[in-house]
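On the provided structure of chain C, position chains P, G and W as indicated by the hints.
Chains as they are written, first to last, in my numbering: chain C, 1 to 481; chain P, 1 to 481; chain G, 1 to 481; chain W, 1 to 481.
Note that identical chains are pooled: a pair holds if it fits in a single copy or bridges any two copies.
DSS-like cross-link-like pairs, simulated, lysine-lysine; straight-line CA separation at most 25 Å:
no. : residue 1 : residue 2
1   : K350      : K327
2   : K295      : K359
3   : K327      : K359
4   : K66       : K350
5   : K169      : K129
6   : K60       : K129
Source of the hints: derived by calculation from the structure; they are not laboratory data.
Letter by letter, the chains look like this.
4 protein chains.
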Amino acid sequence: MRSCTGCWASDKLHEECGVFGISLSPHDSYSVANETYLALFALQHRGQESSGIATSNDGKIHVIKKSGLVPEVFDERTLQSLQGNMAIGHVRYSSHSESSAINAQPLAVTHINGSMAIACNGTLVNGAKLRHDAELSGAIFQTTNDTEVIAYMLVRERLGTPLMEQAVKNIMSYVAGAYSMVIISGSKLIAARDPFGFKPLCMGMLGSSVVFASESCAFDAIGARFVRDVEPGEIIVAENGSVTSAMRSEWQARSSLCVFEFVYFARPDSVIDGLSVEHVRQEFGKYLAMRDNVKGDIVIGVPDSGLSAALGYSKQAGIPYGVGLVKNRYIGRTFIQNTQSQREKSVSIKLNALSAEVKGKRVIMVDDSIVRGTTCAHIVSILRQAGASEVHMRVSSPPFLHRCYYGTDIPREQDLIAHNHTVEQIAEMINVDTLMYLDERDLRHAMSGLRIGYCDACFTGNYPVRISSESENQKEGRIQV
Amino acid sequence: MRSCTGCWASDKLHEECGVFGISLSPHDSYSVANETYLALFALQHRGQESSGIATSNDGKIHVIKKSGLVPEVFDERTLQSLQGNMAIGHVRYSSHSESSAINAQPLAVTHINGSMAIACNGTLVNGAKLRHDAELSGAIFQTTNDTEVIAYMLVRERLGTPLMEQAVKNIMSYVAGAYSMVIISGSKLIAARDPFGFKPLCMGMLGSSVVFASESCAFDAIGARFVRDVEPGEIIVAENGSVTSAMRSEWQARSSLCVFEFVYFARPDSVIDGLSVEHVRQEFGKYLAMRDNVKGDIVIGVPDSGLSAALGYSKQAGIPYGVGLVKNRYIGRTFIQNTQSQREKSVSIKLNALSAEVKGKRVIMVDDSIVRGTTCAHIVSILRQAGASEVHMRVSSPPFLHRCYYGTDIPREQDLIAHNHTVEQIAEMINVDTLMYLDERDLRHAMSGLRIGYCDACFTGNYPVRISSESENQKEGRIQV
Amino acid sequence: MRSCTGCWASDKLHEECGVFGISLSPHDSYSVANETYLALFALQHRGQESSGIATSNDGKIHVIKKSGLVPEVFDERTLQSLQGNMAIGHVRYSSHSESSAINAQPLAVTHINGSMAIACNGTLVNGAKLRHDAELSGAIFQTTNDTEVIAYMLVRERLGTPLMEQAVKNIMSYVAGAYSMVIISGSKLIAARDPFGFKPLCMGMLGSSVVFASESCAFDAIGARFVRDVEPGEIIVAENGSVTSAMRSEWQARSSLCVFEFVYFARPDSVIDGLSVEHVRQEFGKYLAMRDNVKGDIVIGVPDSGLSAALGYSKQAGIPYGVGLVKNRYIGRTFIQNTQSQREKSVSIKLNALSAEVKGKRVIMVDDSIVRGTTCAHIVSILRQAGASEVHMRVSSPPFLHRCYYGTDIPREQDLIAHNHTVEQIAEMINVDTLMYLDERDLRHAMSGLRIGYCDACFTGNYPVRISSESENQKEGRIQV
Amino acid sequence: MRSCTGCWASDKLHEECGVFGISLSPHDSYSVANETYLALFALQHRGQESSGIATSNDGKIHVIKKSGLVPEVFDERTLQSLQGNMAIGHVRYSSHSESSAINAQPLAVTHINGSMAIACNGTLVNGAKLRHDAELSGAIFQTTNDTEVIAYMLVRERLGTPLMEQAVKNIMSYVAGAYSMVIISGSKLIAARDPFGFKPLCMGMLGSSVVFASESCAFDAIGARFVRDVEPGEIIVAENGSVTSAMRSEWQARSSLCVFEFVYFARPDSVIDGLSVEHVRQEFGKYLAMRDNVKGDIVIGVPDSGLSAALGYSKQAGIPYGVGLVKNRYIGRTFIQNTQSQREKSVSIKLNALSAEVKGKRVIMVDDSIVRGTTCAHIVSILRQAGASEVHMRVSSPPFLHRCYYGTDIPREQDLIAHNHTVEQIAEMINVDTLMYLDERDLRHAMSGLRIGYCDACFTGNYPVRISSESENQKEGRIQV
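The following block holds chain C by itself, in its conformation from the complex (with noise of 0.2 Å):
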């Protein structure tokens, strides 16, 4: 279901979501919606597939969410009908998927008291088996999203307690997974980021009101002010823009911010958990300068996700940074591809090599990380066509070797390069003269600076929980909608 071999993308990581949550003031008059809708657009590299957003005015929830990008999803007509003094708003990443359309978030869903609406940025490890203990007693399941699941326990915990961020707490000690989210129930919003602090979420002032976001440069986007991170296993509640309280969860977890929101995920100009996206990646390229004594004329970064390593390390090497790589910048879900010719020049159409730059030189390429390699292979055959005498690719993370159980869309181990071969086997597969990746150390030591702890299970296999063989072999839902 989330497979698109042969598609240019194919070989990058899937983020799951981005999220965003405003409370808005009396004081202030901003329409939550079109203010959701700037975020959400800022947001719009965390998720191609589909744009939701909620509002609500204390009671009465509407929802407009749809397949699409969210300015495809969103018109002038569209927002003006979701009026409200809450808004939540959620992107969910691309894929080929037929599902798009049911589970499309926020979800919004009518309980014994009342309504709420939710969007989560996230997966669980155990959510097969909450799927499956609700089902014991009767629960139905209309999508494939661990969404429902979280939708499902917060309101049976809500049948005990006249609290929804009590409901909130209750279900973290035992909902095991990545879930940054925004609720609206009743007249709160409520922030929480799992005990672990998988997934980014911060929170920030816009006038009087209180906003959430899964980055900051959804703030930046709508004028707002960053305040602070929320927490792992913090839950925070926001009544008419102001914050009523912010409680934590008992679950002790060591805290695991994921790696891959540096490595390629988030967009360079937010600042997460204390860290500049931006000025991480070129630490990485730095670091990688550091231990290596490759000669090269120039350095260059493959668009986009390359170019913030590639300059930290030519500062570092002083080896001059410049443009090897054009990437075509109409490329989107639209463009289709006709005939298995087509398809084979997929990345000539995407990128083009600037001959005037690397002509007779010797290349030092940085991409952000090698998945599969299939594209990796085509960029240095164009580079190589162009008329670069040698290509050293130098990867800024280490070598991808376990999948993910967190919500990243990790292809099966068995098709992640380097889970089957060694460096020098890389290097000759996607023809390099060398490669080099990340150590982990330098990693480490280019994240020096988070407030928190981090989770870098996808290079080292060290889970931060026990993954059980459950979710190992967690089933996709038997509806395709």
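Just chains P, G and W now, with coordinates in the frame of chain C:
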């Protein structure tokens, strides 16, 4: 949510849906999706808001459903993607509601024993109570559909029985209301009609395969043979194209087919519970004429629903039948009304009087019913402008006085013109020379060939079951999606 | 390019277009675009391929035109953008041609004296020759429309006269063919009908403003009053809502309104050149019955075009009129045909027989014409399957034998079933018990009230003008756009 | 018609178009439509308003063209329908003009000797006069494109010569302006570049087939080999994949490639008339730095067009290159601006400053040009909000002072900020600490490797031909379509 004031169709009732199901015989090679597509197209008059098809190959269920007419929702590619040996389909009635996307059917869910898809034509009387009971034990609802309530009830019953058909039988003892439905569960296609038989449902054979449909006209469209009606309270199970079981609810109910199927809803070429719809409509006209002594020069029907009764009236009265009103056959959902002045012209855009037929004549105009009376008044004025010297309106049903609790989309009683006014007052309000309704006794005579009983509560207030104040005040769900 | 074999509508002729024009009086405040929109919607039956509106405010011309039905092409925003005190509009007939976009009308052009927009219903007999002559002096053509030829001729004549109406009069002496048209030129709205009057065109008043339309039903739709028909060879100029001039071509032609307007094309509620279309169609049926002595139990029409003649037949013959065939009213351009087996079912999807009406009966079935005969044969088989004991077909026009040179989209003569077969052979081919066509003399009687002459060359081969071999072989343009 | 005030892109110039052509060798089996599709996609930066492809098989021409990006206009089915052994394609620049549909290219016409399709990148200086002359002899115009004027001229010349290439040569003696174009005529593909060579055009080989394109990056996208530039005044004829003739205009013109191709229009990976675009841009930056003595901590470029010059500046000045501004890569035509307050935020939505890079730093910001200055001012304020202590703007082109008569979409001179203000005034208006433009002499040095002359009239007012008052006042056409 359901009102469409100002819309040309606002003075007509809306049916709640049409359903279709097919269980493929191993001896046949039909595409179940294609056959369902054609059948739904024949049932399009029962619902224009959304369309959906679910298919299954004894396990994995695929659903495609969306707002729009059948040919708008499906194309060659989407039909191709719907493979299997069973299918169910659904068309939902037209309104301006934003809720169309999420409320589209079939509803596909997973539960502890597998997956299920359900398409239902109907409304529950005790839906709110059942929903509340389920919520008390932690259920969440994502739609405002009673079909979701039925799905919950089925799944809960299913926990205690290995047979889904038994679960269907079990819920029949406490789920009150109208609900003709088709269900895919495991390898079974289950068709069920509520104990009152409010909504039609019939069974046929396409080659060696079993088919079910709301109306027999769907069988004609795909070349299937009509076998028999599903009886009130009956549950029929088909597997691999053969009927394997037919159970019956134990609830002893007074069979109560909705009389409006014959008055207006059904296609004239359908045969329901033993009676031809066209035949009954002509009988309505005949009985009207038998009690009438007005002098007229021409009998005309209001297209399309008044034509059959007008023909019956004409034959009985010996007054020539004519075409006095011509309908623009391109009227559709896409027609927009731009300005206030255009709205005033909207009936003229839909209907035009045929001056050559009515000029200088005493016109007897037959229509199936009067709901609010607004459209009627416009049509009468059009006829008078075209030169009709007299306009005598004859209505092929008794005065419409009471609301419906079984799924028919009827305005509040205070909006029903007959609820507040005498026949003389109505005649004056719509500016006809004389007005006559069908006598209830004549309705009974015309319907005498029906194999089961019928419900005429909208005319008589004589409801088949006592209506609790709860259902009278049944609140709409609090989520608008 | 125009064939649509396999399509359910392929056995019907296609009209070439409908036009409308309005010149606003300073005393009125209508939106000329909105009124044109409504009028075109009433003329939609004359063309479903493309729709267009041009407006002008005594100078600058704005045009919006596209493939699609009127409500598909225009919405509130686009109508709003079309301002002015004059407008012309056009609907173009439906086909599968890819050429729809570029051939859409109105055609707007600039020339040495300003700008002009033209909307034309018709086809030229000497179009290829005129085009060739223009090309000889350097003209280029961008469409395959004769309207572009007319535009060239007008502009060339206009070089020698200060009056566009004089240019219209001048070209009438050598442009041969059918061309009812409306033109915006400077501050003038010009309406003109070719000297033969092949195509209808009438004039009316909307408030104090002047309107022109292909059929009077467009006036009814907007609440305009019919004033009179534009006469063959007449050129009427309106300015600021007043008629300022009415000239006449000097070409003495035998007036030749296309008889198929009465047989099939026009809406029954239109009155053309003094005759009600509905009345004439009933007369056709009456005359058929007068010469008939077949024993029948019921007279039915093939919807929609055979209904009026069936009614006329029934009244004359004293045999009851009934509804034997029901049409699916959602059939439209979007209906797709997915597989070969569905194509075979396509007539069943469009039409269903009403078994209750026809079972065991001797059915007299009336349709307006037989072109290829394929659809007829299908309908007859549907009736027989529904139990009709005999089927007698009556055609409310004479046998269709000859092609048309004036814009009617007629198959090659070898494809016309009546061109190659006797009535007996046709009866056998379409499997009816008896078959009878309208006698040409009766056609004449029924049309006797027409204020001008008519063309029945498709029945008689008696063309109003000698057809050169050139136009018989008129090649289609070489560009397909 | 061309203004888009308030739009985020309004402060950039717009290129007029990109063209591509292919003449298939009998030895190759490429789909000419597919290759054209891919090539146009690589040229998309030259025009986003409309896209079109015309194919021909030595005779019948098929065209598909529409408003929209290349992947929006074409899909598998439409490409499939475009068969032939020749193709030309066109992309047109983006604006909010309603005229997109009718002005889309290629333009296909029939004339006395057959048919022709033409795609042109350019604008005529004497277009209005040529149009007027043609109108005097009866020509009509359906677009506001100069391409239609060129088509008329070609057809008229073609009346006197059997060779279309001779006709092309003939018009070159009096058609003044910029016009790189590709033409399909009969079995020939003709490529021509005006005697001044204002617009780029190059020739390549794909297998054994001949291809032409506005920029060499289109060849890279399809895997074609660059052969050489088409020279100013050159006319090249290809037939069946072979070059059969290369003629030359007799007009002795000063070759005048538009300098803005190097400043902004062209893709950095293209090589034009012997010079790499990326190389020249870096040179611009280098020369800026050579004359500069400002103290800075970081050099940043405004994405995307300022990046190359920033890199060149950084290398020369020895000041670190950094990423100070991040662009939202999902910005596109579909992004809507809902409210006034959003419009104010529109630059923030497009660009965000990278605080971690610029905070507390003296920032040297490089952009390619300043047109109106509004966007600049916004970007500067974003950088200051992000903490830049100083902002020094460097512009990699001389001040923009004069309008263009050759197709570049430049605002009126009074709207050019440099036309009315000194450098100091501009610096104050856009709130930078210092502002420096590229010196004209340095521009000359950087361009010194160009194989032909170039036009820098927008900087110098030194136009290659005297501009008559006629073209200064050239009226827009009076039809808006």
